[in-house]
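Residue numbers (our numbering), protein chains in the order written: chain U, 268 to 448; chain W, 17 to 193.
Any given hint might turn out to be false.
[To be verified] These stretches of chain U come out as covered by chain W in the derived footprint (C-beta under 8 Å, 3 or more residues):
1. 313–320
2. 353–366
3. 372–379
[As the list claims (entries may be wrong)] Some chain W residues close to chain U (C-beta under 7 Å, calculated; not the full set):
4. G28
5. Y80
6. A155
[To be verified] Calculated from the model, a selection of chain W residues having no Cβ within reach of chain U, i.e. all distances over 10 Å:
7. M17
8. R18
9. D19
10. W21
11. L48
12. R49
13. W50
14. R64
15. V90
16. K114
Honestly, the hints are just simulated from the structure, not real lab data. By construction, the Cβ of each residue, glycine as well, lies at the ideal position given by its N, Cα and C atoms.
Residues per chain are reported as follows:
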Amino acid sequence: MKDSVWWQLLRVFLPLSFLTIGGGQSILADIQRETVSVHHWLTDAQFVDDFAISRASAGPNTLIVTLIGWQAGGIAGAVAATAAIFVPPAILFYVLTRLWRMNAFGRWRDRLARGLAPVSVGLVFAGTYSVLTTEGGGVLSWIVTAASVMLLMTTKVHPLLPLAGGALIFLGKLLLSPLSA
Amino acid sequence: MRDVWRVFGTIGISSFGGGLSGWMFREIVERLRWISPEEFLAGLALARTMPGPNVVNLAIWIGYRLRRTRGAIVAAFAVLAGPLVLILILATVYERIKHSITVHQLLMGVTAAALGLSLSVGIKSFQAAARSPFYATMAVLTFIGVGVLHQPLLPIACTLAAVSVAWAFFLDRSDER
Numbered sequence: 268m269k270d271s272v273w274w275q276l277l278r279v280f281l282p283l284s285f286l287t288i289g290g291g292q293s294i295l296a297d298i299q300r301e302t303v304s305v306h307h308w309l310t311d312a313q314f315v316d317d318f319a320i321s322r323a324s325a326g327p328n329t330l331i332v333t334l335i336g337w338q339a340g341g342i343a344g345a346v347a348a349t350a351a352i353f354v355p356p357a358i359l360f361y362v363l364t365r366l367w368r369m370n371a372f373g374r375w376r377d378r379l380a381r382g383l384a385p386v387s388v389g390l391v392f393a394g395t396y397s398v399l400t401t402e403g404g405g406v407l408s409w410i411v412t413a414a415s416v417m418l419l420m421t422t423k424v425h426p427l428l429p430l431a432g433g434a435l436i437f438l439g440k441l442l443l444s445p446l447s448a
Numbered sequence: 017m018r019d020v021w022r023v024f025g026t027i028g029i030s031s032f033g034g035g036l037s038g039w040m041f042r043e044i045v046e047r048l049r050w051i052s053p054e055e056f057l058a059g060l061a062l063a064r065t066m067p068g069p070n071v072v073n074l075a076i077w078i079g080y081r082l083r084r085t086r087g088a089i090v091a092a093f094a095v096l097a098g099p100l101v102l103i104l105i106l107a108t109v110y111e112r113i114k115h116s117i118t119v120h121q122l123l124m125g126v127t128a129a130a131l132g133l134s135l136s137v138g139i140k141s142f143q144a145a146a147r148s149p150f151y152a153t154m155a156v157l158t159f160i161g162v163g164v165l166h167q168p169l170l171p172i173a174c175t176l177a178a179v180s181v182a183w184a185f186f187l188d189r190s191d192e193r
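Could you put together the complete structure from these sequences and hints?
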């Protein structure tokens with residue numbers, strides 16, 4: 268039993284789960300090393316594919332471990348890997364949330380919130396900026412982003428509308444470009 | 017409780033191209049008014065500097081605020097359930113679509129629009145967060161350090177958060193009269 272794949276998956280992902288700070292990018296290199304080079308659960312090419320899928324899909328990119336678990340050990344592997352990466356930090360954050368709500372921080376809570384807020388906003392801008400400058404969609408990406416901001420700031424439209432619009436605009440570009448002929 | 021399931025489930029499954037916190041802000045803070053912008057921002061800062069995906073942490077934060085422990089569990093599960101199923105489906109069809117230019121372009125478009133969603137939340141919450149020139153400076157420094165200079169998130173965010181919180185504790189007299 269100690270040699271079963273799901274046990275090994277737990278052993279790899281449980282410790283890593285505590286390092287998934289700031290979006291899970293921080294542990295990607297480690298995941299690749301452990302799962303490709305050490306355990307040979309998947310090839311380098313598979314890992315790259317998994318990475319692309321997890322970026323393209325909805326939800327946190329950390330879901331890449333679900334795919335890895337699945338490829339390494341079927342459904343049981345997927346469940347083990349997913350639980351290992353998500354549950355420990357969730358419990359940790361639950362405890363923090365509870366302390367906050369139970370007023371363990373007393374009268375300092377509001378000041379704590381006030382001090383944290385600007386850092387939070389700065390991080391939102393930073394995250395947007397890094398994707399915008401590395402994504403490679405060119406001028407059209409910037410235009411779609413700007414249009415999406417305008418729409419969301421000035422109207423009460425559902426966020427799915429700009430998302431669908433962005434997809435359609437890029438699709439339109441593809442149809443109009445001579446390469447597709 | 018069914019509302020918690022529905023709202024977080026919808027947010028989870030529609031969160032293509034990132035911008036998840038943007039979705040949450042728009043739906044939960046602006047439309048449903050379940051929590052205030054200040055509470056949301058405090059939760060977001062903690063969610064990003066603690067282990068675990070931001071979305072799951074934020075779901076726990078908001079879910080607990082709404083329905084205590086059960087709310088936290090339901091919100092966290094709901095926000096992950098859709099994406100979990102979806103990613104397994106995507107993985108099975110991936111070989112067939114991986115070289116498709118159409119799929120690639122679609123994703124670029126969605127990502128660009130999702131960035132707009134994040135950005136609009138940043139702009140809106142800047143007013144709430146930057147109550148004085150000091151806090152505005154903190155926000156700008158965080159952006160420059162992590163975004164422009166590509167410094168590691170954790171040390172930068174923790175250092176600036178410590179400075180900012182210390183200011184709020186000891187020097188900010190704006191709420192006294």
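Hint-by-hint comparison with the structure:
no.	hint	result
1	313–320	holds (count 4)
2	353–366	holds (count 10)
3	372–379	holds (count 3)
4	G28	holds, 6 Å
5	Y80	holds, 5 Å
6	A155	holds, 4 Å
7	M17	holds, 17 Å
8	R18	holds, 20 Å
9	D19	holds, 17 Å
10	W21	holds, 16 Å
11	L48	holds, 13 Å
12	R49	holds, 13 Å
13	W50	holds, 14 Å
14	R64	violated, 6 Å
15	V90	holds, 12 Å
16	K114	violated, 7 Å
The structure is inconsistent with the numbered hints 14 and 16, although it conforms to all the rest.
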